[in-house]
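K.L.:
Take a look at the letters that make up each chain.
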Amino acid sequence: MRFKKLNEAYIVRLDRGEKILEAIKDFCNKNQIKCGYFFGIGSLDEAELAHYIVNNKKYTSELLKQPLEITNLTGNITTMDNEVYLHCHITLSDVNMEAIAGHLKEGVVGATCEIILTELNGTINRKYEQKIGLNLLDL
Amino acid sequence: MRFKKLNEAYIVRLDRGEKILEAIKDFCNKNQIKCGYFFGIGSLDEAELAHYIVNNKKYTSELLKQPLEITNLTGNITTMDNEVYLHCHITLSDVNMEAIAGHLKEGVVGATCEIILTELNGTINRKYEQKIGLNLLDL
Amino acid sequence: MRFKKLNEAYIVRLDRGEKILEAIKDFCNKNQIKCGYFFGIGSLDEAELAHYIVNNKKYTSELLKQPLEITNLTGNITTMDNEVYLHCHITLSDVNMEAIAGHLKEGVVGATCEIILTELNGTINRKYEQKIGLNLLDL
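Residue numbers (this note's numbering), protein chains in the order written: chain A, -19 to 119; chain B, -19 to 119; chain C, -19 to 119.
Derived from the structure by calculation, the hints contain no laboratory data.
Note that this is a predicted model, so its numbers are computed, not measured.
One or more hints might be untrue.
Said to hold, decoys possible - Straight-line C-alpha distance at most 30 Å; calculated DSBU-like pairs for lysine-lysine: (1) C:Lys(-1) / B:Lys37; (2) A:Lys(-15) / C:Lys111; (3) B:Lys85 / B:Lys5; (4) A:Lys(-1) / A:Lys107; (5) A:Lys(-15) / A:Lys10; (6) B:Lys5 / C:Lys(-16); (7) A:Lys(-15) / B:Lys(-16); (8) C:Lys37 / C:Lys(-1); (9) B:Lys111 / B:Lys38; (10) C:Lys(-1) / A:Lys85; (11) C:Lys5 / C:Lys107; (12) C:Lys5 / A:Lys10; (13) A:Lys(-16) / B:Lys(-16).
Generate coordinates for the entire structure from the input sequences, incorporating the hints supplied.
P.N.:
Structural data, given as structure tokens:
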């Protein structure tokens, strides 16, 4: 994990073997970032994706172990119980350029991962909502 | 629809059953936002996608009724005939993590939808261009 | 290529037949933009995508000649050897709304392409890293 701050944006590079969400959460904690959003491109060696069905409140998940391009990583940074909370979705492509996508549970960086992270001043908390079964933005 | 403004960004939460484009357009009207862009993640219960072929100026469209993760929503806000005009594309994934994508005609929110919307000062209009058959940015 | 600057964002319109990366690079050179990032939606008539396997340091690539929606274009602007360097990934969809994605080598605009490009003050260089086989961000 390396970074540079330009204007209000952090340009972050993650390296081979790093776990994306773990690394971003760690980065937020070290830099006292409590709210913001990020975008990225790069590649993964491994990804765990999830898909949620609100009707039965159940996640299905899939673990992929293969070289995958990250064609888009989109996430937001909020807090829950005073801890940094990341919510992140990802679009990947396999060797045949077929796209695979979902809620990102975790991903292990392949060649590199380049992220633009923007900090917002203020805080937004999450709160569990029984009816939906998820931790929603408490706005 | 709930929101909070931090810096120049609006953090917007859409809830189950809300129509994404209708809700964002309504939000822009109420907050006098005439130009900007937005990104989002979340899920849909229903989506109508379109694909345009410029050679014959024809749209094909597809209505999906199933639980879909929004892995990326990318859109811009401009004006046409003094009305807010949204142009938005979307990447979705189904229960098998297969990605489905296209021009978003409308989508009905599933569990939740989290959007970061940035306002730009100024206006950009659209104008119908006969040769292309679409309302293009009038820059 | 037409554009308008609002706040720190350039709103860029590319027209039918223009090459996306060539046009953005040209735009950066003319406007002395050395660092930043961009997002876009639109459509392509032709795309050349690549997929990199870090273990053997080999790219596979695929040339698509068909009408494709750009559901998300995500890229960053840095420099290498004092030249503007673009790194850009793309998510596309075909007439059946199936998503195709990868590292963008080049794309030829279909109906239109609408890009929001944000300039960052400062510079970030790239450096070839032997172990990975790619030009990584030199942070």
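K.L.:
Against the structure shown, which of the earlier numbered hints fail to hold, in ascending order?
P.N.:
10 and 12
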